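Participant: Chains as they are written, first to last, in the working numbering: chain A, 133 to 248; chain B, 4 to 482; chain C, 64 to 549.
Just so you have them, the derived chain C footprint on chain A, three or more residues with Cβ under 8 Å:
(1) 170 to 181
(2) 205 to 212
(3) 229 to 242
None of these hints come from the bench; they were simulated from the model.
Quick caveat, the model's predicted, so the values are computed rather than measured.
Glycine is no exception: its CB is placed at the ideal position from the N, C-alpha and C atoms.
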Amino acid sequence: MYGPDMERAECYHLRATAMAQTKITLEQVRHVARLARLEWSSEQEERLRADMDEMLAYVDKLNELDTKDVAPTTQVGEAGMPMRDDEVTNRAAADAMLANAPSRERGYFKVPKIIE
Amino acid sequence: MNREAYEAVIGLEVHTHLLTRSKLFCGCSTTFGAGPNENVCPVCMGMPGVLPVLNRRVVELAIRTGLAAHCAIAPYSIFDRKSYFYPDLPKGYQISQYETPICKGGYIDLLAAENGEPRRIGLTRIHIEEDAGKNIHGENASLVDFNRSGVPLIEIVSEPDLRSAEDAGAYLRQLRAILRYVDASDGKMEEGSFRCDCNVSIRKRGAKEYGVRTEIKNLNSFRFVEDAIEYEVGRQIAIVESGGKVAQETHLWDPARKETRPMRSKEYANDYRYFPEPDLPPLIVPAEMVEMVRASMPELPADRKARYVRELGLTEYEAGVLIADRDVADYFEATLPGLKNRKSAANWVMTEVLRVARDSGKSFVEAVPPAAEVGALLRMVEEQKISLNAAKTAFAAMVKSGKGAQATIAELGLAQVSDESAIAAACDKILAAEPGKVAEYRAGRDKLFGFFVGAVMKAMGGKANPKVINDILRAKLSG
Amino acid sequence: MASELNKLTIAEASSKLRAREITATQLTRDCLDRIAAAEPRLHAFITVCENEAFEQARAADARLAAGNAPAMCGIPLGIKDIYSTKGIRTTCASRILGTFVPPFDATVIERLRADGAIFVGKTNMDEFAMGSSTENSAFGPTMNPHDTARVAGGSSGGSAAAVAAHECLGALGTDTGGSIREPASFCGVVGIKPTYSRVSRYGVVAYASSLDQVGPFARSVRDAAIIIRAIAGKDVRDSTCSARPVPDYERALTGDVKGLRIGVPREYFVEGMQPEVEKSIRSALKNYESLGASTVEISLPHTGYAIAAYYLVATAEASANLARYDGIRFGLRVNAEDNIALYETTRAKGFGAEVKRRIMLGTFALSAGYYDAYYLKAQKVRTLIRNDFERAFEKCDLIVTPVAPTTAFKIGEKMNDPLTMYLSDIFTISVNLAGLPGMSIPCGHDSNNLPIGMQLIAPPFAEETILRAGDAFERTGAFKPRTAAV
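Bound conformation, chain A alone:
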């Protein structure tokens, strides 16, 4: 069999590391799931935790690099913000905008009652 043996080896090594040191707890996973508005069953949660743990252990390698004096790169495009003139260019098209609504009423999007 051919294949990316190096990477596989690296993965197995990582798994061993991950087991030694937990990067994320089940409690944290649940908190993140709430922030992300994703529901997980309790069986899924443990598998998810393990997957995230493995990834977090993997990305830990970034800490090998000293980035104290390095500026972050959040964009790679050209500098400068193009701006538009303050003009109304859109015509009212409520029907087209509502066409994909899962639930609507009298031109509004309908949702379960919001509690403030």
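Fit chains B and C to the given chain A structure using the hints.
Facilitator: Then chains B and C, alone, in the frame of chain A:
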């Protein structure tokens, strides 16, 4: 409860819509009052694949506001995404500015009361962000309208420099005046274009540390802000006095019950996960742009006040009252052409005109007669064509009828007679009819002069110029 | 299939269309016939737009008859189902957008429509472009036309397979970490990821906004150059889109690479790589030397950190980009008593496993207390990776590497092992982090007759360099791509 032993520490976060034709990141109209979801497009609806493009006018208005409030304008600022889920937030994040607001620092001077001390309230920052849509709550469901989604806002954050509900009210009024002066906002509460969050804590008078603060969200009138602060300060003092601890919470103001209550929906701790908006490059504001905006700025309240004192000879107090509202100041200036006595115009606006506006319940501009007509009226007084009393009568009539000054004076026959021969004839008639009194006067009863003036005025139907009557009578009686 | 016009290149078809030797309608019919025949084995398309395509073909024929039609007029294309197409369902291969019909066109779609191009259908992909094999599609995987037991690569696997199998003459894909180059390599076609900002992203469903870029698949470098020229350039609806003028890329195809300095990064030829891949690349480099180019060993020392940086940056951006799929305004809704439950169940049901995994990772990387350690750290490492390339391009005009460590792997082989799947993008990801243009062109086959791709990387906006070098390699005839088996 010993309220006097405590001091309130208040900071305000004011959100105000900017006066633009189109939204912050798309070409949809910002007009208030359209049918549901009419002013929307894929961009402000957060459809898959859409991207924001910044409205230049928003940047200009934010800079204007910043300059008016003595802020430093950031030469480099970025937009960030603030993530949270809410049905009226189409993208699941709001494009805002987090670490690098467009304006930093600055202050707003509160206008001093007639005998009061001027106060300076520090600003932390002003940043640009987009508004969310609007939820309408029904019995069993809520309905969402995205017309407001993407309407440009600036958030003006004050330092915790305010100490009372009255302070907060004064700050808000001054802030609104500035926003209106620079054409940044119309400050219309009823359309939700001006909203305020209050951070309130208390501490023992003289203490240095801040207490635990509560945030009261989404107050949309000055009255509510003042009432809510008043209530919240009392509530916190009561808790502390009874040995309790104020909890760090977000509250809502219930104007019907006149109390604050904790928000129920915050069941998950807020974690907005701000990060730089990758769809918008950094906003570079070169010094030349700031100077261009500065050059295009309308005169600010403080400058206008100084000019009124310096050039028009008004007192600090008079100037302060007139400039408090840009509409009033503009009105005052529009009455001036052709007038010599600026002070009388100032007095007229401050008393007659402002009274009419106050009593009408309408907006200033809608309530009062055109400034040019009031100017015409005041010129007639100055030229002695009418008396001051006649002017007041005419003004009241103009407010009701909407007619001009000339027409009203003519209609009501308020024109003053200054014709010397007519007045002299009337004087002769009175003096001839009262020989006894004339003799008494000439013998030294000076007080009788008033009687003669009154009698002549009465004979002339009250329209004679009193100064002319005086002059003629004096000449005749001394002769 | 008598005429098989679908096997023409875009350059050939374009000149025949203008010469009125063939019609756009005939060309479109041949493509649609081929689609009907091949799809059961390939599944390159999510939606085939037969009626719309014929309508576009008729309009193109009228325009061609009138003369002066643009190069893309009458050319049938496959469009990755990530492009917003007005009136045509756009699913992003997700259940959550399963019925979504956008009311607007992406800018590049609008430009191609204006040029008279024909859209035969929306191609399959990994859900929200998250994947390297097109197995993460809610509509099932796309099969590799060279071996249907193997993946087509991803995330733009449908577009790559459709072009390789002659279902269309060219296609659009998107590339966030290799999503054009890797499937191009696996399917044996040309795929280009232009410089970040070269092509508008407006109307392209966002995965990771600072990395996503639009690009073409084609069966020749010249064809790819023709497509890029039609789609590139300033767009007032994309604030990140460059205002630089778009060159006539075809004019760069001189065949002349004399004096070209080709950098070969030592970090890209590592032990464990499939030996035939390295052999093919080395042999292509020899070809370049024989054409008068020189090769120089260079170093990109932070290559080993690219995947880690990428998976934090991309997932963080994705966690926000995918927050709009909430069941309120469009797409799937799973009804619930309150809004929070509505969100949670809608998103749980609407998104596939990989998408959810990435949203979770990205949400975590941005969350309070972890931002600096994960998101910010990754963006700093991104700077180091970018600097690597800047330094390297002081020594060379072009960098040549393999596209992937292996040829196409078996369907299902890596599905239960996300990290191993991520590692198949090891050679392509740095290019996205640095915003550079990169191209994959076929340069060989392995012993199973599976295509091998060579990656050409240039400095920002030097698309002409990679096109010229790629075209020169094609002209040598050193390697003739095999026709797909399907």
